[in-house]
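> Chains as they are written, first to last, in the working numbering: chain H, 1 to 264; chain G, 265 to 709.
Each hint should be verified, as a subset may be incorrect.
[Said to hold, decoys possible] Non-contacting residues of chain H with respect to chain G, defined by C-beta distances greater than 10 Å in every case (computed):
(1) Trp3
(2) Asn5
(3) Leu9
(4) Phe39
(5) Leu46
(6) Leu115
(7) Phe147
(8) Asp177
(9) Leu185
(10) Phe188
(11) Ser205
(12) Asp227
(13) Ile237
(14) Gly239
(15) Ala248
[Unchecked claim] Short, incomplete list of chain H residues facing chain G, as computed with Cβ under 7 Å:
(16) Arg29
(17) Asn97
(18) Lys101
(19) Ala261
By construction, these hints were calculated from the structure, which means they are not laboratory data.
Idealized CB from N, CA, C, for every residue including glycine.
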Amino acid sequence: MMWLNLAKLFRYRGLIQSLVARELKARYRGSVLGFFWSFVNPLMLLGIYTFVFATVLKNDDKLTQPYAVFMFCGILPWTWFSSSLLESSGSLISGGNLIKKVMFPAEVLPIVSVLSNMVHFALGLPILLAFMLRSGHLPHFPGILWFPVIVLVQLIFTLACALMLSALTVHFRDIRDLLANLLTLWFFATPIIYPYFRTGVQQYSWIFTPNPFFHLAVSYQESLFFDAFGHGRSLLILGVASLAFFLAAYWLFDRLRDSFAEVV
Amino acid sequence: MTAGHAIELTHVTKVYRRFSGKQFATLKSALLQRSILRELQPAETFQALNDVSFSVPKGSTFAVIGRNGSGKSTALKLVAGITKPTSGTVEVEGRISALIELGAGFHPEISGRENVFINGIMLGLTKREIQNRFNEIVEFAELTDFIDAPVKTYSSGMYMRLGFAVAIHVDPEVLLVDEVLAVGDEGFTHKCLDKFAEFKRRGKTILLVTHSLGLVERFCDDAVWLDHGHKLSDGDPKRVIGAYLIDVESSEEGYLAKQDAKVQEEVSALEPPPSPAASTLTDDAGPQNMFQADEGRWGSGGVAIMGVTLRDSSGEPGHVFHSGDQLAIEVGLRTDQPCKDFVFGVAMFNTEGTCVYGTNTDIERYAADELSGEATVTFVIEALDLVEGTYKLDVAVHRKDGAPYDYHRLLYTFRVKSKTKDAGIYRPKHHWEFSPTAKLTRMDE
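Excised from the complex, chain H in its bound form (with noise of 0.2 Å):
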């Protein structure tokens, strides 16, 4: 039953495809900036810390300048998986006309979550192209060709932290708002806006190895920022693990689909 869902999830693309536009064309509609938005949100986030990382607390670690673009390299995937997230569990619940109302496959809902923020991940790409030819600190050959991999990891590991989220949701509305603070917590545990081998924060590897973020975020840091790859063995075990997560979580959402249009 599972995996004729599954493949007809397939069939939906069409729909999510739409779903897409439709949810990028109706965010910023109205709007003066409109679509400028999409590029001026992390511009102005990036404004933000570096005001408070490279300039407060002014940070002379040399391998990691422009600290600028050090940390760019993260916030911008981090960004893409926290807004899904929050956005993806509650789709269900704000989508509910549709589940109740109409034959509607539910799983469309938290993946058009997760695609359209991936959207905005991508527009975020030019501006830290920019930043990067500004200072002068482009990635380097081999390591930019695992930026895709590192890419889908985190589209398959998001859709299954969405998938089980939105799912869970609809029957513990407390999920949202402890989401928002657990990512806040997880967000500083991520070595996103300091180098995971800062002195003093080394100590603390036994928190990151089971972080999956922990993974992606040095992944995407080793890709675009420092001189050479070596995260690549725990990436690809990340991704048969995400997987393997992202089948786990299809099965959860499907175990409890015929409870969608009863309780949201």
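Assemble chain G onto chain H, guided by the hints.
The following block gives chain G in isolation, referenced to the frame of chain H:
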């Protein structure tokens, strides 16, 4: 599934959970994919459908009727596959389009055009198919001038029309319709009916949930009547509707009787009836213009109205009558001292407060001789030629100069039912005549 059937429900029971804080119970049972029933007390559940079976032959138009809360919409949702039955099976053959919530997937910020595409894809069409039908959809919805405006600027009628237009152009094998014909003006409703007729001609199956019994009678091949989740009757629409109407009438009768009892209790509690014993005829004339007063009771006493009973032609007391039938208004009176100056009057009002008819014994030239002890006065309307609606009664006994002994203002309510949905208040006895060149056929009876 039996061959030749498009929809088949077999012993379907659907239990909903009433609101309760037991999320764990439902999550656990959902995960284990077993019935919610097991985890919850009977008080926490609600049985929307109880062992309902019916089947809809391919190509037929089938109606589900019943009062609010009878499980009609639940049945439709089960057929649409939106929810699963708690027990029993639901089988459907062919592509379904459900007109349940029109425009459920519309996004308010984007244009009607984009919404048509997305809604169409949600309902299972491809982009190309929508492209081909786009003009037809927009024309059907009568929105050619507004199709590029954001949907949030639409009126609710426009919104519904667009939703309806998309859904009906999905070209399903099985069309599910939940009381959506009320979406547009007369013209649009006719267009929808034409579309349904076209579906019917093309051999598609239609399952219709509606309160419009005229539509069922005209349009449907079969009907099922649900009440509180049970199937009470199915088969020929005329017969099913007949049974349903009798039931509705009896419950309306019960409601009006209760209402009646309550009003009279209230009035007698507020304003104790003037004791017939206290026969001092004070000049308590009540409000100046009695026809403008609210419901109530007033008068000087002396003669008291003890009770008013409405009876049909067979003498049965009731509150619901059919247009054209006999209605007898029986007034019980009592006086302690013989009285020589008295007039009996009745008047009927419709819900707008218009006096439909009013008369009294003085106007009709009855001279009062004497009234003593207990008496009964009956006002017999031989043919109640009123259109369908609710009517209220004034009943009074007063002196010849108009000073009331006991005036009951709008205290008694009755309903007139009619098969003909004509307009106005009064239905004159009438018939039509046509020259041979004007050919018409009587549809029913």
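> Looking back at the numbered hints, which does the structure fail to meet, lowest number first?
none
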